[in-house]
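Enquirer: Quick note, the sequences are listed as chains A and B, same order. So the first sequence is residues 7 to 154, counted in this note's numbering. So the second sequence is residues 7 to 154, counted in this note's numbering.
You may find that some hints are simply not true.
Put simply, identical chains are the same to the list, so a pair is met inside one copy or across any two.
[Said to hold, decoys possible] In silico EDC-like cross-links for lysine to aspartate or glutamate, where the CA-CA straight-line distance does not exceed 20 Å: (1) LYS146 with GLU123; (2) LYS80 with GLU102; (3) LYS67 with GLU127; (4) LYS104 with GLU142; (5) LYS80 with GLU29; (6) LYS67 with ASP88; (7) LYS80 with ASP105.
Hints in this document: simulated from the structure, not taken from any laboratory.
Number of protein chains: 2
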Amino acid sequence: MPHHNSAGAWAKRYHLASRAAIERILRPYDLGSTQWYVLHQLVHHGPTAQRDFPKLLQIEKPALSDVVSALVRKGFVAQAPDPNDQRQRILSLTAEGKDLWQRLPDPIALILDIAFEGVDEDSLSLVVNVLQTATERLNKRINEGTNA
Amino acid sequence: MPHHNSAGAWAKRYHLASRAAIERILRPYDLGSTQWYVLHQLVHHGPTAQRDFPKLLQIEKPALSDVVSALVRKGFVAQAPDPNDQRQRILSLTAEGKDLWQRLPDPIALILDIAFEGVDEDSLSLVVNVLQTATERLNKRINEGTNA
DNA sequence: CCTCCTTCATTCGGTACCGAACAATATCTA
DNA sequence: TAGATATTGTTCGGTACCGAATGAAGGAGG
Numbered sequence: 007m008p009h010h011n012s013a014g015a016w017a018k019r020y021h022l023a024s025r026a027a028i029e030r031i032l033r034p035y036d037l038g039s040t041q042w043y044v045l046h047q048l049v050h051h052g053p054t055a056q057r058d059f060p061k062l063l064q065i066e067k068p069a070l071s072d073v074v075s076a077l078v079r080k081g082f083v084a085q086a087p088d089p090n091d092q093r094q095r096i097l098s099l100t101a102e103g104k105d106l107w108q109r110l111p112d113p114i115a116l117i118l119d120i121a122f123e124g125v126d127e128d129s130l131s132l133v134v135n136v137l138q139t140a141t142e143r144l145n146k147r148i149n150e151g152t153n154a
Numbered sequence: 007m008p009h010h011n012s013a014g015a016w017a018k019r020y021h022l023a024s025r026a027a028i029e030r031i032l033r034p035y036d037l038g039s040t041q042w043y044v045l046h047q048l049v050h051h052g053p054t055a056q057r058d059f060p061k062l063l064q065i066e067k068p069a070l071s072d073v074v075s076a077l078v079r080k081g082f083v084a085q086a087p088d089p090n091d092q093r094q095r096i097l098s099l100t101a102e103g104k105d106l107w108q109r110l111p112d113p114i115a116l117i118l119d120i121a122f123e124g125v126d127e128d129s130l131s132l133v134v135n136v137l138q139t140a141t142e143r144l145n146k147r148i149n150e151g152t153n154a
């Protein structure tokens, strides 16, 4: 926010801008950004247990449930019970989902080209290091229990 | 996301972690992070026209409408029509809102302490520069019209 | 005075996230 | 084998965001 012109505030602004850009690219295909990541996983690694996605996508289970049910509703993903464990669900691409993927641009590549073009590798890796460290510290605090 | 271990992905993760941390701090007070920023503005700059907030908080009008109606519902903010222009609304703190602010910790200061403690000024300003440039490029593209 | 246009705010439908609580299934243990 | 425990996924209620459409008020020109 404007009164805190810090790395944190710019991380937020960057995140919102990139999400808006990605969703603009994906809108004609009726896909959201996280939905795209789910398809990406299924395309590159085949059918995957739903229980693995929260770690892969860095989201919580309820958020994943929303995303999956949207993809199932749209017919791009099938959600089948695991025969060996009735609790688990296996996600896989439908024929329609495979077909969609063929027509899809890669929003991440487009965004990175626009956003970080011309920035040298050293600067970029410094940015990654600072943000990664900050994220790990925050997550550690969050998991340690309530403080304030 | 894991397969794109880039500055962009870490900006997203940082943003989500910091929002989670801020909301954890604010939860006991029944406040969300954007709601806190609205109160912050009203505390430090007095009654403010609602039309000014989208630029101040970098959000769109419908998102602001949600935030304002939550604050009004909770009794922390009053929303009065501008006598000179019936279209506009003036936001101001209620007595209850002022009272709440006295009891509130500053979540931003707490987060910045945790996240960026020990990071030198030069690194921090490089991070700000890279993310700021990236954000401006993305926003420029978004506003230029649809491409992809 | 009466259209036309702009501005401000809301509503609507959608995505993306959270924590808490729940149901179902599996497993471990007494 | 019965009961406690752990895992998986969903539902519920909430925040925070978007674009498109709508309504309400103000201002400009004929």
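Enquirer: If the cut is 20 Å between Cα atoms, do LYS80 and GLU102 qualify within a copy, between copies, both or neither?
Expert: Within one copy, since 9 Å is at most 20 Å while 46 Å is not.
Enquirer: When Cα atoms must be at most 20 Å apart, do LYS67 and ASP88 count as within-copy, between-copy, both, or neither?
Expert: within (18 Å within a copy, 45 Å between copies)
Enquirer: Between LYS80 and GLU29, at a C-alpha cutoff of 20 Å, which is it: within one copy, between copies, both, or neither?
Expert: Classified as within; 17 Å inside a copy, 32 Å across copies.
Enquirer: How do LYS67 and GLU127 come out at 20 Å by Cα distance, when the copy is not named: within, between, both, or neither?
Expert: This pair counts as neither: shortest intra-copy Cα distance 35 Å, inter-copy 38 Å.
Enquirer: Is the C-alpha distance from LYS80 to ASP105 at most 20 Å within one copy, between copies, in both cases, or in neither?
Expert: within (13 Å within a copy, 48 Å between copies)
Enquirer: Have a look at LYS146 and GLU123 and pick one of within, between, both or neither, based on CA distance no larger than 20 Å.
Expert: between (32 Å within a copy, 14 Å between copies)
Enquirer: Within a copy, between copies, both or neither: where do LYS104 and GLU142 come within 20 Å Cα-Cα?
Expert: Neither, since 35 Å and 34 Å both go past 20 Å.
When held up to the earlier numbered hints, the structure conflicts with 3, 4 and fits the remainder.
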